[in-house]
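Chemist: So the chains spell out like this:
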Amino acid sequence: MNGIIIAMLLALLIPIYEAYRDSHIWQKMLAFASIATKTSMMILVVSVLRDDWMIGVVGVLILSVGNAALMLLAHVIKRSDEAGVYEP
Amino acid sequence: MTVYLSILLRLIIWFLLTSDLSLVNIIIGVAIALIIPHEAARLPILKDWIRVFWEIIIAVPVAYFEALEIMIFPHKKEAFLRRRVRPNRTPGLIFLDIFLITFTPKTIVLSYQEDGWYKIHSVERDK
Amino acid sequence: MIDGLSYGLMIVGLIFWFWGTLPLVGDRSVLFKLHSLSVSDTLGSMSMIAGLLLKIPREWPLLILALISLAIWNTVLGYVLAYCSYRDEDDD
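Protein chains in written order, with this note's numbering: chain V, 14 to 101; chain H, 90 to 216; chain X, 135 to 226.
Keep in mind that the hints were calculated from the coordinates and are not lab data.
Among the clues, some could well be false.
Claimed, not checked - Per label pair, the in silico range of CB-to-CB distance:
no.: 1; chain 1: H; residue 1: Phe169; chain 2: V; residue 2: Val78; range: 44 to 50 Å
no.: 2; chain 1: V; residue 1: Asn15; chain 2: H; residue 2: Val92; range: 46 to 52 Å
no.: 3; chain 1: H; residue 1: Val119; chain 2: V; residue 2: Met67; range: 25 to 31 Å
Claimed, not checked - Just a few of them, taken from the derived set where beta-carbon distance is under 7 Å, the chain H residues facing chain X:
no.: 4; residue: Ile161
no.: 5; residue: Glu167
no.: 6; residue: Leu170
no.: 7; residue: Ser200
no.: 8; residue: His210
Claimed, not checked - Here are the computed lysine to aspartate or glutamate pairs in the DMTMM-like style, where the Cα-Cα straight-line distance is at most 20 Å:
no.: 9; chain 1: H; residue 1: Lys166; chain 2: H; residue 2: Glu213
no.: 10; chain 1: V; residue 1: Lys41; chain 2: X; residue 2: Asp137
no.: 11; chain 1: H; residue 1: Lys136; chain 2: H; residue 2: Glu213
no.: 12; chain 1: H; residue 1: Lys165; chain 2: H; residue 2: Asp215
no.: 13; chain 1: H; residue 1: Lys166; chain 2: H; residue 2: Asp186
no.: 14; chain 1: H; residue 1: Lys165; chain 2: H; residue 2: Glu213
no.: 15; chain 1: X; residue 1: Lys189; chain 2: V; residue 2: Asp65
no.: 16; chain 1: H; residue 1: Lys208; chain 2: H; residue 2: Glu167
no.: 17; chain 1: H; residue 1: Lys166; chain 2: X; residue 2: Asp161
no.: 18; chain 1: X; residue 1: Lys189; chain 2: V; residue 2: Asp64
no.: 19; chain 1: H; residue 1: Lys166; chain 2: H; residue 2: Asp215
no.: 20; chain 1: H; residue 1: Lys165; chain 2: X; residue 2: Asp161
no.: 21; chain 1: X; residue 1: Lys189; chain 2: X; residue 2: Asp137
no.: 22; chain 1: V; residue 1: Lys41; chain 2: V; residue 2: Glu95
Please read these numbers as outputs of a predicted model, since none were measured by experiment.
Even for Gly, the Cβ is constructed at its ideal location relative to N, Cα and C.
When you get a sec, could you build the whole thing from the sequences and use the hints?
Modeler: Here's what the structure looks like:
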């Protein structure tokens, strides 16, 4: 189980590096979407590892409502892009 | 019909989230499911809904198969396609269609055009 | 037996994760990266949750909810990102 957590952490480093490296806004959004899913999956696995289901409930809640913010942000960026407020 | 479906969906989510079948919990769940506002019903076709749910069950193994295909053979080419929307689709069914197309890894819906076409982006195997 | 199957599913999920996330660093288009991300983040995570489900079947209601909401949200987020970023690149 510990090995799985370590491997997940390594996989999480890839999108973090991408978000740091790339300045194109949509590539950054893609990396953030990937980070969001990976961290909430890690919460679920940690809750199984520690056998503490309270953590697991938090993970499930984040999985089921967490991405809404990213969708709203994508729409806001698109709007401000069309209005010429933001130059990518 | 849509009203019953949406109430059923809300109750399923409620019971999965609380996993508690006591009388008080059932009353709370049913009351909340009835109180939250419903959208106006547009005569949906039950047959279409059943077919779409069946297609979703089929889509899971298909998606895994396509994922293995992409992993084993390199898919480097990108292409844009257009696909016709089946006639007489309600917004709910169109949403499920978009879900089905995007769920499989080889295709992603880019936009739904009002004149009845989906714009699709796909990756293809290079020869 | 069940334990081995659940570890197997989680390792398959991890392989999907690495395969789908590594192209993120390359210089392909946003849409191409979305295809590989849908392999890793949707399908890989789904097989991991299936592995967890075999490990602790007692918590099945929450895990099934996690499985369904993961599939729906990730797919819809993929569609929204594709829709929003495409108009950005060229108007037709």
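Chemist: Now, for every hint given, state plainly whether the structure supports it.
Modeler: Going down the list of hints, with the structure as the test:
no. : hint                                : result
1   : Phe169(H) with Val78(V): 44 to 50 Å : 33 Å, violated
2   : Asn15(V) with Val92(H): 46 to 52 Å  : 49 Å, holds
3   : Val119(H) with Met67(V): 25 to 31 Å : 27 Å, holds
4   : Ile161                              : 11 Å, violated
5   : Glu167                              : 6 Å, holds
6   : Leu170                              : 13 Å, violated
7   : Ser200                              : 6 Å, holds
8   : His210                              : 5 Å, holds
9   : Lys166(H) with Glu213(H)            : 5 Å, holds
10  : Lys41(V) with Asp137(X)             : 38 Å, violated
11  : Lys136(H) with Glu213(H)            : 33 Å, violated
12  : Lys165(H) with Asp215(H)            : 6 Å, holds
13  : Lys166(H) with Asp186(H)            : 24 Å, violated
14  : Lys165(H) with Glu213(H)            : 7 Å, holds
15  : Lys189(X) with Asp65(V)             : 14 Å, holds
16  : Lys208(H) with Glu167(H)            : 14 Å, holds
17  : Lys166(H) with Asp161(X)            : 14 Å, holds
18  : Lys189(X) with Asp64(V)             : 11 Å, holds
19  : Lys166(H) with Asp215(H)            : 6 Å, holds
20  : Lys165(H) with Asp161(X)            : 13 Å, holds
21  : Lys189(X) with Asp137(X)            : 7 Å, holds
22  : Lys41(V) with Glu95(V)              : 19 Å, holds
Violated hints for the displayed structure, listed by number in ascending order: 1, 4, 6, 10, 11 and 13.
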